[in-house]
Amino acid sequence: MKLNRLPAAAAAAAIFATGALADGHGWSLKKAAEPYAGTTVDVVFLLRPGYEAIEAMLPAFEEETGININIIKHPYENALGEQVRDFVAGGDLDIALIDLVWIGNFAENEWILPIDEFTSNEALVDPDLDIDDFFPLVLNAFGGWNGTIYGLPFDNYSGLLFYNTCILEEAGFDGPPQTWQELKDVYGPALTKDGKHAFALQSKRNETQSADSFARVIWPFGGSFLDENFRSNLLSEESQAGLMFRQDLMQYMPDGIVAYDHAETVNAFAQGDVAMITEWSAFYSTVVSPETSKVADCVAIAPEPTGPAGRKPALGGFSLAVAAQADDDERAAAWLFIQWATSKANAGEYLERGGVPARVSAYADPALAETFKFIPALVESWQDGVPEFRPRFAEWPEITEIVQEWGSKIMLGEVSTEEGARILGERMEAVLEEAGYYSGDKPLAQ
Amino acid sequence: MRGKVSRKTIFAFIGPAVIGLALVGIAPLAYAIWTSLHFFNLTKLRKVKFIGLDNYGSVLSDPVFWEAMGRTFFLLGTALPLQIAFGLCISLVLHQPGLSLLKSLTRLSLVLPMATTYAVVGLLGQVMFNQKFGVVNQLLGGAGINWIGDPTNAFAMIIFWDVWQWTPFVALVLLAGLTMVPGEVEEAARLETKKKWIVLRHVQLPFLVPGLVAILILRTADTLKLFDMVFTLTRGGPGASTEFISLMIQRVGFRGFDQGLASAQAIILLIITIVLAQVYIRVFYKEV
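These protein sequence lines are chains A and B, in that order. Quick note: the first sequence, position 182, residue 370 per the numbering used here, numbers continuous. Quick note: the second sequence, position 280, residue 1022 per the numbering used here, numbers continuous.
Chain A on its own, in the form it takes in the complex (with noise of 0.2 Å):
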């Protein structure tokens, strides 16, 4: 279907889905919205591919329910920030954004509401909700915490590793890498020449350094942020074994990678001047436009690489959950548009559209990978993927900071990865002795 085509075509399959097929179970969403219409939900959205998506297709939402959302957007490194500040002053947002490391911290505050307060009332409910639909590796880290779900998964990714297939034939390679090792040892030689790069990660001092980069190598050589008692783990041969590794791999990454954020390292692959990149699902859009692209026919996506440990890739996404500071009309609109946002109607548009969904059901057609070459790969990435990729407890925000400064101090050669390691967990138990998790008074949930 082109694109052009779809937003009357997809908006009216849509609403047919969740209404009127639904009204076969004696549900519609423009009868359960009615005692919501003219309500306003507040809702904070990024400013990326996912977000834009159903931004494009809510028009066909208001329209069917009267309820209006306004959308607050942020980058993403204020995000966190700008909701904590509106929670805790008891602000205007009905919604939770939530990346799967704020789910710990939303939930313990009480902030968020579980989905069982909607799922348990008929008149909201969608029949079609079937929420074993999403990929439980998804459900589970980026909506649920400590065993209850509170969020539906929204915009979500993994890591992927993006190559660059006329860069690899011309020097004599015929796939791309199965393991960080063969990557490193032997694509790397053959592809740093000429100013070119055989790989770039991404390692900028924010989110980035600690998600894209320093969890990145310690997961596949078998290390881990923490042991099962929760003290730190990277001084642990394996840890120290993903982080020699990066060190390691640098020499075909281009100089000052450690200031190369997202939008860098999608430029330098989309330029052409480095040929593989690990990098989110949700930048495929973007390195697959001839209009954002230079190497846009030459893309090819493959799932991350093994490590000794196995294949363990990068996870990250959000999830959207129901405010509690929300008054019950607006929660219940709310509910209404996560459930209608994330459901197994609207999922065929939000992907044409530039969205990733959650929805087992959404990639079940072969021939959606003929379009969108991201899908196999993103599917078996998200069969065995660490849902403690990062820790998501509420500490984090103060650890992410901490890795964020040392993991840079080690990838600059300020200091080994050993002293950095040691440096970084003494600091990182401190705020998990201070939080309580060695006194036993928090439960050892990650």
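In silico DSBU-like cross-links for lysine-lysine, where the CA-CA straight-line distance does not exceed 35 Å: (1) Lys630/A to Lys789/B; (2) Lys261/A to Lys482/A; (3) Lys874/B to Lys561/A; (4) Lys791/B to Lys630/A; (5) Lys384/A to Lys874/B.
Per the computed footprint, the stretches of chain B lying under chain A, defined by three or more beta-carbons under 8 Å from a beta-carbon of chain A, are: (6) 774-786; (7) 975-981; (8) 995-1009.
From chain B, some residues computed to sit far from chain A (all C-beta separations above 12 Å): (9) Gly767; (10) Phe911; (11) Val915; (12) Met922; (13) Leu933; (14) Ile1016.
Rather than coming from a laboratory, the hints here were simulated on the basis of the structure. Where a beta carbon is used, it is the ideal one built from N, C-alpha and C, also for glycine.
Given the coordinates of chain A, work out where chain B should sit on it, guided by the hints.
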């Protein structure tokens, strides 16, 4: 005359300013002091409790705080002398007789860097100092210098932008000082000696001292609270190489959400600023 002004009139004129100052200055300061004496984390509001001076103890014994403070004073110690040197040269040139139209245009253009928003300067810096596409490396013959990703270069870049933005301010303040020198005194001095340095040292400099003290105080305070430009340009990185004290306070208070600790850091910074201002006034003013 003074006795004829009623209290009501005095209050009517001064009162609004005092109330405004209390609302926007004193009240937040009092709240920051209160916060600094508590464990006060925005994400753990159920655990708020009075902890006395613990936050201050943590700050004073935290090497990261002192490293950031050292970095900040290193920036001040390198950028300010350059600003004063360049600013003095510009002001002396503009103080020369003749070429009035050109000098007027120069004075006007000097305002532009100061009028540029800090955050915009940072964003401009990101583009201009981009290793591959930036105009700076192009001007250097495609040098390919890694400005933003190298700790030393990133620091040098911050110094460059600070000097670029605030040298005009120094120049204009010193130019104002030079215009205060009585014409006949300056003329007499020039008849006595042809050495410009002698005229500058013994005739013009005494008139520049009040301006220099103001520059010292204002630029010290500005550097200690320098945030927007660095945040948009390097975000304190790479590593911690450009994490100045205000960036650190913002990180602790708004990204780690520890408002108690951040308040203690801010109060200590305030005390340092006040002490430095007093030192500048006492040391330099006495020499005049």
